[in-house]
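Enquirer: Residue numbers (the numbering used here), protein chains in the order written: chain A, 1 to 261; chain B, 1 to 142.
It is worth saying that the hints were derived from the structure and are not from the lab. Please read these numbers as outputs of a predicted model, since none were measured by experiment. There could be a bad hint or two in this list.
Short derived list, chain A residues pointing at chain B, Cβ under 10 Å [what the hints assert, rightly or not]:
1. Gln78
2. Pro88
3. Leu91
4. Gly147
5. Arg148
6. Leu182
7. Asp185
8. Tyr246
Positions of the beta carbon are idealized from the N, C-alpha and C atoms, including for glycine.
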Amino acid sequence: MNAADSVVHAYGLVPTGSVLTIPDGIDGSQVTTVTIGPLTVLVSELSARAYGADVWRANAEDPRWLEHIVQEHHRVLQAVVEETDVLPLRLPAIHDDTLGLERAVREQQQLLEAALERLRGHVELGAKAFLVEQRPVGAADPPPTSGRDYLARRSAEADDRARARTRRQAEVEEVHRTLAGLSTDCAVSRPQDPALSGRREPMLLNAAYLVRRADLERFVALAEQLHESLAAGGMSLEITGPWPPYNFADAADGSMTEPAR
Amino acid sequence: MDDSSSPARRSDSQPTTRAGPTFVGTRGQPAQSLADVLERVLDKGIVIVGDIQVRLLDIELLTIKVRLMIASVERAREMGINWWEGDPFVSTPQAMVDGQSEGDTRELQSRVEALEQRLAEAGEEIPAARPAETTGERHERS
Numbered sequence: 001m002n003a004a005d006s007v008v009h010a011y012g013l014v015p016t017g018s019v020l021t022i023p024d025g026i027d028g029s030q031v032t033t034v035t036i037g038p039l040t041v042l043v044s045e046l047s048a049r050a051y052g053a054d055v056w057r058a059n060a061e062d063p064r065w066l067e068h069i070v071q072e073h074h075r076v077l078q079a080v081v082e083e084t085d086v087l088p089l090r091l092p093a094i095h096d097d098t099l100g101l102e103r104a105v106r107e108q109q110q111l112l113e114a115a116l117e118r119l120r121g122h123v124e125l126g127a128k129a130f131l132v133e134q135r136p137v138g139a140a141d142p143p144p145t146s147g148r149d150y151l152a153r154r155s156a157e158a159d160d161r162a163r164a165r166t167r168r169q170a171e172v173e174e175v176h177r178t179l180a181g182l183s184t185d186c187a188v189s190r191p192q193d194p195a196l197s198g199r200r201e202p203m204l205l206n207a208a209y210l211v212r213r214a215d216l217e218r219f220v221a222l223a224e225q226l227h228e229s230l231a232a233g234g235m236s237l238e239i240t241g242p243w244p245p246y247n248f249a250d251a252a253d254g255s256m257t258e259p260a261r
Numbered sequence: 001m002d003d004s005s006s007p008a009r010r011s012d013s014q015p016t017t018r019a020g021p022t023f024v025g026t027r028g029q030p031a032q033s034l035a036d037v038l039e040r041v042l043d044k045g046i047v048i049v050g051d052i053q054v055r056l057l058d059i060e061l062l063t064i065k066v067r068l069m070i071a072s073v074e075r076a077r078e079m080g081i082n083w084w085e086g087d088p089f090v091s092t093p094q095a096m097v098d099g100q101s102e103g104d105t106r107e108l109q110s111r112v113e114a115l116e117q118r119l120a121e122a123g124e125e126i127p128a129a130r131p132a133e134t135t136g137e138r139h140e141r142s
C-alpha cells in the first residue's frame with residue numbers, strides 16, 4: 001500500500017521475545033510487529049480510506065461502525081492474551097506510520113514498560129452479579145381489612161424491601177471483597193445499561209479482577225461457591241474471561257481502580 | 001466469542017490460558033457480550049499519545065444511541081426496558097459504586113429525553129452516519 005493511503009493500527013504491546021501465534025488482523029489484514037527494546041507493538045497497516053483519522057471522526061458516533069472495529073480489535077487481543085501477556089491499547093490507536101508509532105513509544109517507554117510489567121503473568125476476569133428473583137413480601141398474608149390496615153401493610157412492605165436491598169448489597173460487597181482477595185488488583189464499574197446488555201435483571205455488581213494465570217482455577221472455583229451462596233438470596237454471579245487486561249492497562253497511580261465515569 | 005486461537009507455540013514458563021470464557025452462573029448468555037466488549041475497548045486500555053487524535057463518543061452517549069437504534073422509547077417500555085423510571089424499590093438497577101439515587105435516575109431520564117428531543121428536531125435517522133465534520137481539534141504534526 002502507498003504510504004499516504006495507509007495508517008498503522010496498533011492493538012497492544014507484548015514483551016519482546018514473546019512466542020505467540022500471530023492472529024489475523026482487522027478485516028483480514030496482516031498483524032506485524034514493531035519492536036522498541038523490551039516492548040513489541042502488534043500492528044496492522046490498514047487503508048486510510050477505511051480506517052484513517054477522517055473516517056474515525058466521521059464515524060465516531062456511529063454505533064454500528066464502532067461495533068465492527070471494536071470487535072475486530074478485541075478479537076486480536078483476545079487471541080494474544082490466551083498465549084502471552086499483553087498491554088491492550090484503547091481505540092482509536094492509529095498512527096500515520098511506524099516511524100511515528102516508534103517515536104511515540106520511545107517517548108513513553110518507561111511508562112509503557114511499567115504498565116506491561118504490572119500485567120505480567122496476569123489476565124483479567126469479569127464478575128457481574130444480578131438480582132434474578134425478587135421474593136414478594138407479604139404475599140401469603142390475608143388481605144387487608146381496612147384502609148388503615150392496607151396503608152400499614154404497604155409501609156411494612158416498603159421497610160422489608162429496603163432491608164432486603166441492604167442485605168443484598170452487603171452480600172454483593174462481600175462477594176466482591178472475597179474475589180478481590182484472590183486478585184492482584186480490582187476495578188469496579190457502573191452497572192451496564194440494560195438496553196446495551198440485553199439483561200432485564202438488575203445488575204448489582206460489574207467488576208474486573210487482575211488475576212494471576214496460576215490462580216485462575218482457584219478463582220473460578222471460589223466464584224462457583226460464591227454463586228451458590230448468592231443464589232440463596234435470589235442473586236446470581238457470572239464470571240467472564242480470561243480477558244486482555246483492559247481495566248488494568250493504565251497508569252500506576254491507581255486511576256484505573258476507580259469506577260468508570 | 002468463538003475460540004480463535006490455534007494450539008499455541010509458547011515458552012515453557014508461560015502457561016496457555018484456555019480459550020473461551022469461564023462461566024459461572026446463568027448459562028446461555030453470550031460469553032463476551034457486546035456490552036462487555038464495548039465498555040472495555042472504548043473506555044479502558046492504555047493510550048499511546050501518537051500522531052492522530054480522535055475524540056471518541058462518550059460511552060454513555062453511545063449506549064443511549066444504541067438504545068435508540070434498537071427501539072423507540074415506547075417500544076422499549078413494551079419490552080420491559082424502563083430503567084429510567086418506575087418504582088425505585090423494584091426496577092432501578094442498584095449501582096453500588098456511587099450510591100446512585102432516585103435523583104440521579106431522574107436526572108439521567110431528563111438527559112435522555114433532552115437527547116431524544118434534539119435528535120427528533122434534527123430529523124436524524126439512526127444509525128445513518130453524519131457527513132464528515134471537523135471536531136474543531138486540529139492536531140499539529142511534529
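Enquirer: Confirm or reject each hint.
Expert: Evaluated hints:
Hint status for Gln78/A: holds, given a least beta-carbon distance of 6 Å to chain B, under 10 Å. About 4 Å separates the beta-carbon of Pro88/A from the nearest beta-carbon of chain B, less than 10 Å, and the hint is met. Taking 10 Å as the C-beta contact cut-off toward chain B, the hint placing Leu91/A at the interface holds, the least distance being around 6 Å. Violation of the interface hint for Gly147/A is found here, the shortest Cβ-Cβ separation to chain B being roughly 21 Å, above the 10 Å cut-off.
For the restraint placing Arg148/A at the interface with chain B, the shortest Cβ-Cβ distance is roughly 22 Å, beyond the 10 Å limit, so the hint is violated. A cut of 10 Å between beta carbons decides the hint on Leu182/A: the least distance to chain B is about 14 Å, and the hint is violated. Because the beta carbon of Asp185/A sits about 13 Å from the nearest beta carbon in chain B, more than 10 Å, this interface hint is broken. At about 4 Å, the closest approach between the beta carbon of Tyr246/A and any beta carbon in chain B falls short of 10 Å, and the interface hint on this residue holds.
When each numbered hint is compared with the structure, violations occur for hints 4, 5, 6, 7.
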